[in-house]
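Colleague: With the hints as constraints, model all of the structure from the sequences given.
Chain residues, written in single-letter form:
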Amino acid sequence: MTTLSTPTPPPGSTNHASKSAPVGGSSRRGTRGPARRRGNTRFVLACLLPALVLFAVFMVVPTMNVFRMSFYTWSGFSPDKRFVGLDNFSRLLDDEQFVRAFQNTVALLVVVTVVTMGMGLFLAAIMTRQRLRGRNLYRFILYIPNVLSVVVIAAVFSAVYDQENGLLNSTLRLLSLDGLQQVWLGDQKLVVYSVAIAMVWQSLGYYMVLYMASMSSIPEELYEASALDGASAARQFFAITLPLIWQNLRTTLTFFIMSAVNLSFVLVRAMTGGGPDGSSEVLLSYMYKQAYTNSSYGYGMAIGVVIFAFSFLVSLLVSRATRREPLQF
Amino acid sequence: MRRSLVLAGAAVTVFGLLAGCSAGGGGSDSGRTTLKVAALEGGYGRDMYTQVIKQYEASHPDIDVQLQISKSIEDEITPNMKAGRYPDVVVLGQGREAALTETLIKDKALEDLTPVLKEKVPGENTTVGDKLTEGIVGNLNTNPYRNDQTYLMPMYYAPTGLFYNQGLFEQKGWKVPSTWDEMFALGDTAKKQGIPLFTYPTAGYLDSFFFALLADVGGEQFYTDVMTYKKDVWKTANARKALDITTRLLDYAAPATVGYANEQDFTKNQQLVLDNKALFMPNGTWIVGEMAEAPRAKGFKWGLTPLPAVTAGSKRYITTSVESVWIPSAAENKDAAKDFIAYLYSDEAAKTFAESNAIQPIEGIVSSLSGENAEFYKVYEDPSVAPLVGGFASTAPVEGVDIKATLFDTANSIISGDTTENKWQDALNDASEKLRQAGD
Chain L
0 MTTLSTPTPP
10 PGSTNHASKS
20 APVGGSSRRG
30 TRGPARRRGN
40 TRFVLACLLP
50 ALVLFAVFMV
60 VPTMNVFRMS
70 FYTWSGFSPD
80 KRFVGLDNFS
90 RLLDDEQFVR
100 AFQNTVALLV
110 VVTVVTMGMG
120 LFLAAIMTRQ
130 RLRGRNLYRF
140 ILYIPNVLSV
150 VVIAAVFSAV
160 YDQENGLLNS
170 TLRLLSLDGL
180 QQVWLGDQKL
190 VVYSVAIAMV
200 WQSLGYYMVL
210 YMASMSSIPE
220 ELYEASALDG
230 ASAARQFFAI
240 TLPLIWQNLR
250 TTLTFFIMSA
260 VNLSFVLVRA
270 MTGGGPDGSS
280 EVLLSYMYKQ
290 AYTNSSYGYG
300 MAIGVVIFAF
310 SFLVSLLVSR
320 ATRREPLQF
Chain V
0 MRRSLVLAGA
10 AVTVFGLLAG
20 CSAGGGGSDS
30 GRTTLKVAAL
40 EGGYGRDMYT
50 QVIKQYEASH
60 PDIDVQLQIS
70 KSIEDEITPN
80 MKAGRYPDVV
90 VLGQGREAAL
100 TETLIKDKAL
110 EDLTPVLKEK
120 VPGENTTVGD
130 KLTEGIVGNL
140 NTNPYRNDQT
150 YLMPMYYAPT
160 GLFYNQGLFE
170 QKGWKVPSTW
180 DEMFALGDTA
190 KKQGIPLFTY
200 PTAGYLDSFF
210 FALLADVGGE
220 QFYTDVMTYK
230 KDVWKTANAR
240 KALDITTRLL
250 DYAAPATVGY
260 ANEQDFTKNQ
270 QLVLDNKALF
280 MPNGTWIVGE
290 MAEAPRAKGF
300 KWGLTPLPAV
310 TAGSKRYITT
320 SVESVWIPSA
330 AENKDAAKDF
340 IAYLYSDEAA
350 KTFAESNAIQ
360 PIEGIVSSLS
370 GENAEFYKVY
380 EDPSVAPLVG
390 GFASTAPVEG
400 VDIKATLFDT
410 ANSIISGDTT
420 ENKWQDALND
430 ASEKLRQAGD
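From first to last, the protein sequence lines are chains L and V.
Letter by letter, the first sequence follows residues 0 to 328 of numbering that gives the first Met the number 0.
Letter by letter, the second sequence follows residues 0 to 439 of numbering that gives the first Met the number 0.
Which residues of chain V face chain L? A few of them, derived with a C-beta cut under 8 Å, are:
| no. | residue |
| --- | --- |
| 1 | Met80 |
| 2 | Ala98 |
| 3 | Lys105 |
| 4 | Asp106 |
| 5 | Ala255 |
| 6 | Asn261 |
| 7 | Glu398 |
| 8 | Asp401 |
| 9 | Thr409 |
| 10 | Asn411 |
| 11 | Ser412 |
| 12 | Ser415 |
| 13 | Asp417 |
Calculated from the structure, these hints are not laboratory results.
Keep in mind it's a predicted model, so treat the numbers as computed, not measured.
The beta carbon of each residue, even a glycine, is placed where N, CA and C say it ideally should be.
Modeller: The structure is reproduced here in structure tokens:
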């Protein structure tokens, strides 16, 4: 109140005041500066408070709860929770279904990341570097799957994979490649990869647009200069484009890990329900089955902890492994 | 001044957000009891509930019934239940993926409804127990703890079994097989004409097949032994025989079955029967409504048969799916809830339910049915056929063990050759043993 209402001297008098009373002036500035900064801090804190409270209530507390519940045997409802220490975790090691779900998640993580990243980079480079006719249309078409709901994607792929008159098998028949026809969602060895293709299809456009955005910000001179030196398009891609969007690539790697865990769950639930006979189960779908269908909430939470630790660890490793000095242009 | 305003504003926002998260619950207002009823909106629709509630409120002016009905009712009532606000009456059976009923059974969190059986139906002179069909209570489905206490009242019942196209059988002059030998002989005949003998929508539908088969093979005692995880029950000759028959039958399965046996495509397996591309599939009476709009072969007519007998003339069982109504023990108005449940078995309510094809297990109701339903429920009239109710006994949850999945889903692996009958038997024995230990 007082600080605000203190009349500030008119601009002309500032010089005079500081000259005539240098000690007083500096001391005044000295008291006012931190006061304002303190005021600012308080203001910033006040603005952050709602978000922090929400974050704490909806993110931190539930996450802590997941960790806490993983040490209990609990059905999800009853008042009696039994503390069992690390029993849930040691049981996980003997649970074949869990091991299979883990393997499937890792397989999806690797396959989807490699394929989506490779194709995303390739397409983005073509779209930005080559003056393709109708590239806006291609970009639009490639991006569309990303805005579709998972249920729609599941329905689309159910039509693509249909063993009798699906798009895939019909095309193979048309090309007289009858021997390559498969029961895409019924073969236990194939079904994970069938899900992987749907995941790639869904996310390719999104990553392509991300890569395109950072590629288009690379100055044209670099390409012109290298072209004068006789660099091929491929050489330009590996020597200029890739190093300059490296930071962006690193970020998307984290996205890949998250989507392998989360997107695989929704797609698996909508497309296969984890079947046939648990062969396409992923970590989150198995966690759901245990926590709810099997009334083993604590066990489900132990799986949750493993998922948390796994994605955290992989993200950390990937981030460490890909760390490089950021290049500037 | 401004700063304190900002602070005050921020505080209001925070509290507003928090308050928004804990929306206050209502209470019963002056004298009138509010009865909260939650129901699963199944194939029967929601109108029958609103009608029955209207009739009930008309004769009970002091009671206000609030109906909550949804196709995923578990998702809607569970958060409130965790916060301590329980519905008074819940109409929800077992076997759903969210397994809310099973969880509450395992938690012993259901109200004992044995007294309701002795209660008089409101407005009538008979007790609820007397009105119910014989044998519909007192099994694992209603008395989950294997004692005399009834915790789940049977609400609707429907026969499940093998569904087929009667028209095709007439056309070809085939007889519906009454023994497994005849069944497999028919399988060979049909195979020559390019029609596979068997399919299933998803492996989960095999419940209507397996439970009856176990009882057919070894009698009711054996069935109960399996359902209550008797030690080494899966190593017995009877268990092996049931698995033998199943494995042999799966050998006759339509090649498309496994690829379509998922939530997205299961109707394509059902379509196989409509198109005469498979002869039999295990299913329930809801199939008629579910596939009502689907195209079908000329002269198609739904038929339902119990599983073939193991030896000629031996008793056959028909798995009967029973949906339940129950009261959570944490409910607020238990007495009013019990009275309401008793009313659900009144002639008035039964008529309303039956109009929506929801058939209650009330003595004599079958004679009042018409159309396809009349024919389906006729299977109970055959003296050699007995209804079989129940399912696996409830135990404390065992982490990572789901015996239903082991029993049913493995069929997919048997057809595709990813596992063998021996491994199946071992896995079943293993799961059963773990559950037995948890049950003791």
